[in-house]
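S.K.: Listed here are the chains, written in short residue letters.
There are 2 protein chains.
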Amino acid sequence: MKGYAVVGDWGTSRLRLFRVENGVLAARCDGPGIGAVGGAAEAAFADAIAPWLADGLPESITLCGMAGARDGWVEAPYADCPADAEAWRQAAMRFDWRGIPVAIMAGLACEGADGIPDVMRGEETQMFGAIARDLALGTGRHMIVLPGTHNKWSLVEDGRITAFRTMPTGELFALLRDQSTLGPKVDATNPVEEATGFAEGLDRAHDGKLLQSLFAARAMRLRQGRSPDWALGYLSGLLIGCEIAEMRGMVGTTDSIILIGDARLSARYAQALDRQGVATHMLDGDACALAGLGLTEI
Amino acid sequence: MKGYAVVGDWGTSRLRLFRVENGVLAARCDGPGIGAVGGAAEAAFADAIAPWLADGLPESITLCGMAGARDGWVEAPYADCPADAEAWRQAAMRFDWRGIPVAIMAGLACEGADGIPDVMRGEETQMFGAIARDLALGTGRHMIVLPGTHNKWSLVEDGRITAFRTMPTGELFALLRDQSTLGPKVDATNPVEEATGFAEGLDRAHDGKLLQSLFAARAMRLRQGRSPDWALGYLSGLLIGCEIAEMRGMVGTTDSIILIGDARLSARYAQALDRQGVATHMLDGDACALAGLGLTEI
Chain E
1 MKGYAVVGDW GTSRLRLFRV ENGVLAARCD GPGIGAVGGA AEAAFADAIA PWLADGLPES
61 ITLCGMAGAR DGWVEAPYAD CPADAEAWRQ AAMRFDWRGI PVAIMAGLAC EGADGIPDVM
121 RGEETQMFGA IARDLALGTG RHMIVLPGTH NKWSLVEDGR ITAFRTMPTG ELFALLRDQS
181 TLGPKVDATN PVEEATGFAE GLDRAHDGKL LQSLFAARAM RLRQGRSPDW ALGYLSGLLI
241 GCEIAEMRGM VGTTDSIILI GDARLSARYA QALDRQGVAT HMLDGDACAL AGLGLTEI
Chain W
1 MKGYAVVGDW GTSRLRLFRV ENGVLAARCD GPGIGAVGGA AEAAFADAIA PWLADGLPES
61 ITLCGMAGAR DGWVEAPYAD CPADAEAWRQ AAMRFDWRGI PVAIMAGLAC EGADGIPDVM
121 RGEETQMFGA IARDLALGTG RHMIVLPGTH NKWSLVEDGR ITAFRTMPTG ELFALLRDQS
181 TLGPKVDATN PVEEATGFAE GLDRAHDGKL LQSLFAARAM RLRQGRSPDW ALGYLSGLLI
241 GCEIAEMRGM VGTTDSIILI GDARLSARYA QALDRQGVAT HMLDGDACAL AGLGLTEI
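Sequence lines, in order, name chains E and W. The numbering of the first sequence is the UniProt record's numbering, which starts it at 1 and goes up by one. The numbering of the second sequence is the UniProt record's numbering, which starts it at 1 and goes up by one.
Just chain E, same shape as in the assembly:
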């Protein structure tokens, strides 16, 4: 049996684990998110890696994300911004589990100039991974956006994460699509209609007035014969456009934005930012997470 380490990202909605041998990714497996295990995180983790445990115990376990939340496995602290990779690594919660050294990586906390506190768990790993993979990110000023349920807009200055703001745009979109009287409650089946709606939503969002443009998703169907697919695209464009309009001040301080995460969603942000003359550069979320968890070769 070869020695191996387990690294992974345990988020609210899924557990992604990687088996690493000699610093190289050897296998992966998925499991339930922290949100689904209801306080039985240890048992769920043991279940998820049971096939690997049958081979022998790992030499170490390193997890990031909601594994360290209050309702996670073991609570890990938040490192305060500004934070560099070293300060963040030192803040990890370390303990032994079945004799194996476990590190649950810290989250990050910051307080905005407007006094609003903010937190993240998991995205910091992807950002420090991106910095580790691309040394150019380690100097100067960069803006990184991680689109998702709770988007994180982050400033990286000379390799330190200095500020960030959570925008729960993805969660709001899902609520409007699935639970509201405004959303079509369908997945898009006509990509052309959806793309048209997306572009119109972006147009409408130019002044950042979200509330007064939301009801149009319904009124345009009632009065102008727009389709459910159009409405789905419109809501997405309106929300993403308003998000960018609100963050325009932060965007204005940088020439380009780095997007880390799901390729399809990142492409929507790239399209929206391009309309405002902001260039983007997309990085793969899994690759960045693995780099943040210490893998140098993938």
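Honestly, I wouldn't trust all of these hints.
Pairs involving identical chains hold if they fit within one copy or between any two copies, as the list cannot separate such chains.
[To be verified] The calculated SDA-like cross-link candidates involving lysine to any residue, where the alpha carbons are at most 25 angstroms apart (straight line), are:
# : residue 1 : residue 2
1 : Lys-2     : Gly-294
2 : Lys-185   : Arg-14
3 : Lys-185   : Gly-39
4 : Lys-185   : Ala-40
Honestly, the hints are just simulated from the structure, not real lab data. Predicted model, so just to flag it, every value in this text is computed and none were measured.
Let chain E serve as the given structure and place chain W on it in line with the hints.
M.R.: Frame of chain E, contents of chain W only:
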């Protein structure tokens, strides 16, 4: 048996019916909303007034609201803005039911200066009722706000409704409270904490940037020990404050705003508008609806 008429407001979530004898309100009963009767509106209506039908048939039936929607009882048209009370009354859908003349009042439709179409069904009845009850509203320029699930901000000029905009703020609040990771999923039990949160939400909303202040509802609990009641008030204040910030241009054209609807919710809008130096005057929603349905004495 005395002759009687039935008038009522059949909305998405409830049916409110009034029995009128000699122009005076004699009794009322409630029933399920259009949203709950699933295409069986006629049977649901007959069920609701069964006790009255046992006395004899009414001389007329007049309904406003979602009774006239596509999924209502019988579809009624929308009168186009600008519309006065007479044009609106003439647009009603009239038919016989069991030999009784029925009028389902029209909704209103308009197209905003920004090209967004909009519709209402029910609120126009309250507004024309308010004008009928207070002749001062029939001349000059007035802004009327009807807070609710889908708030309507309306301009009344010389007795005509000339423009309006639907703000789905109430629906968004309910989604955030009950279905999101941001809301406390509780009803407030500590009114002092809730009021503090409400005031802080209003403060935060001054620039109308909703998305970037939403996550604070959660982060302030995690990082600054705020309570679920505080978060509930904060979300309410943030949403109402951002709604008003977005409508500031429309608000700016008038000295005071008339609020029609639920007293508790109207009081929140009054508080929020007062902070911006806008005086408000509250009218009872039921009294306005009855006046719009033709009752002159209540």
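S.K.: Output the numbers, in ascending order, of every earlier hint that fails for this structure.
M.R.: none
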